[in-house]
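Visitor: Chain by chain, the residues run as shown.
There are 2 protein chains.
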Amino acid sequence: MTTAIQDTYPDDVAHCYGCGKLNQHGLHVRSAWDGDETRAVLLPQPYHTAIPGYVYGGLIASLIDCHGTGSAALAAYRAAGRPTDSQPPLRFLTASLHVDYLRPTPLGVPLEARGRIVELKPRKVIVDITVTAAGELCARGQVVAVLMPESLLERLRQG
Amino acid sequence: MTTAIQDTYPDDVAHCYGCGKLNQHGLHVRSAWDGDETRAVLLPQPYHTAIPGYVYGGLIASLIDCHGTGSAALAAYRAAGRPTDSQPPLRFLTASLHVDYLRPTPLGVPLEARGRIVELKPRKVIVDITVTAAGELCARGQVVAVLMPESLLERLRQG
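From first to last, the protein sequence lines are chains A and B.
Sequential numbering from 1 applies to the first sequence in the numbering used here.
Sequential numbering from 1 applies to the second sequence in the numbering used here.
Do not take every clue at face value.
[Claimed, not checked] Calculated cross-link-like contacts (lysine to aspartate or glutamate; reagent style EDC-like; alpha-carbon spacing at most 20 Å): (1) 124/A / 100/B; (2) 21/A / 7/A; (3) 124/B / 100/A; (4) 21/A / 119/A; (5) 121/B / 12/B; (6) 121/B / 37/B.
[Stated by the list, open to error] Restraint ranges, calculated between C-beta atoms of paired labels, are given here: (7) 132/B / 46/A: 32 to 42 Å; (8) 83/B / 52/A: 23 to 33 Å; (9) 85/A / 158/B: 45 to 55 Å; (10) 134/B / 150/A: 48 to 58 Å; (11) 123/A / 158/B: 51 to 61 Å.
Note that these hints are calculated values from the structure, not bench results.
The C-beta atom is built at its ideal place from N, Cα and C for all residues, glycine as well.
The shape of chain A in the complex, shown without the other chains:
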């Protein structure tokens, strides 16, 4: 597995609860290329439960959300032929999120999210994502990710 894109986010945009390396309370979703797909693995905490024994759907949505924007960034850098630590940063926000919960997701095993880039434009990337647990497909999702405007990046940089 190659470097996780979230590890390369500049510090001023690395506080996301779902995937920011600087969020001490966060989930730390980390997305990287695995061939032509993207992959992230997350081990839910025992309290991330929906009903006893099963994973909370909002956590699955969060995994899909952050893996979606991470995958969008990975794809944008690859398309531009740029290393992920080059300037300006290509950081994406979620415009929309869809999740179909296919079966109850067992708690206690790692969740594997795999992303497939289905549309790639300079400012908009669509990513289809599957989530499996113990080898079983549990959820399918789609994220429409949009490039963070330079003006917003600049504002965050100035604090």
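Position chain B relative to chain A; hints supplied.
Guide: Structure of chain B alone, referenced to chain A:
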């Protein structure tokens, strides 16, 4: 505001990270009727951030998720003319979740989710939900909720 539906969930299905009264680490989303709409209010924690100053999208998805299943239960009890603490419990699971993020959601103020029942069948309820912050519409969502099968409830009851 009337009683929150999540406060009436039986103990064996009250551990949800998003809305279970028995989950000590959880978000404690609480949904109640407000006229013909349902309403829940959630104050994000300072660490529930996406980028500095704005709320994490996965938290908004979690609010919509639990307010959706809670609204579905409220609607099912009302349609059946049953009090929410009567047996058997009408507890719903999320079949699908959709969120459109309309603008960055400011952190530091309560989020208000309002639900509207758009389809109501005995085993399936669809809820449209808006999320506002400081009076501004920030996200729209839809939850397709399905009634938890009696067999699963029974299994949980037996532990």
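Visitor: Taking the hints in turn, state whether each one holds.
Guide: Structure-based check of each hint:
Using a Cα cut-off of 20 Å, the hinted pair residue 124/A and residue 100/B holds, with the two alpha carbons roughly 15 Å apart. Of the supplied pair hints, the one linking residue 21/A and residue 7/A holds, its CA atoms being roughly 6 Å apart against a limit of 20 Å. Our distance criterion of 20 Å between C-alpha atoms is met by residue 124/B and residue 100/A, whose separation comes to about 15 Å. The straight-line distance between the Cα atoms of residue 21/A and residue 119/A is roughly 27 Å, outside the 20 Å bound, and the hint therefore fails.
Using a Cα cut-off of 20 Å, the hinted pair residue 121/B and residue 12/B is violated, with the two alpha carbons roughly 25 Å apart. Straight-line distance between C-alpha atoms of residue 121/B and residue 37/B comes to about 17 Å, which keeps the hinted pair within the 20 Å bound. Residue 132/B and residue 46/A have their C-beta atoms about 33 Å apart, which keeps the hinted 32 to 42 Å range intact. In this structure the hint that residue 83/B and residue 52/A lie 23 to 33 Å apart at CB holds, the actual value being about 25 Å.
Between residue 85/A and residue 158/B the CB atoms are about 53 Å apart, so this pair conforms to the stated range of 45 to 55 Å. Take residue 134/B and residue 150/A: their Cβ atoms lie about 26 Å apart, and the range 48 to 58 Å is violated. For residue 123/A and residue 158/B, the hinted distance range of 51 to 61 Å is satisfied, since their beta carbons lie about 53 Å from each other.
In this structure, the earlier hints numbered 4, 5 and 10 are contradicted, and the remaining ones agree with it.
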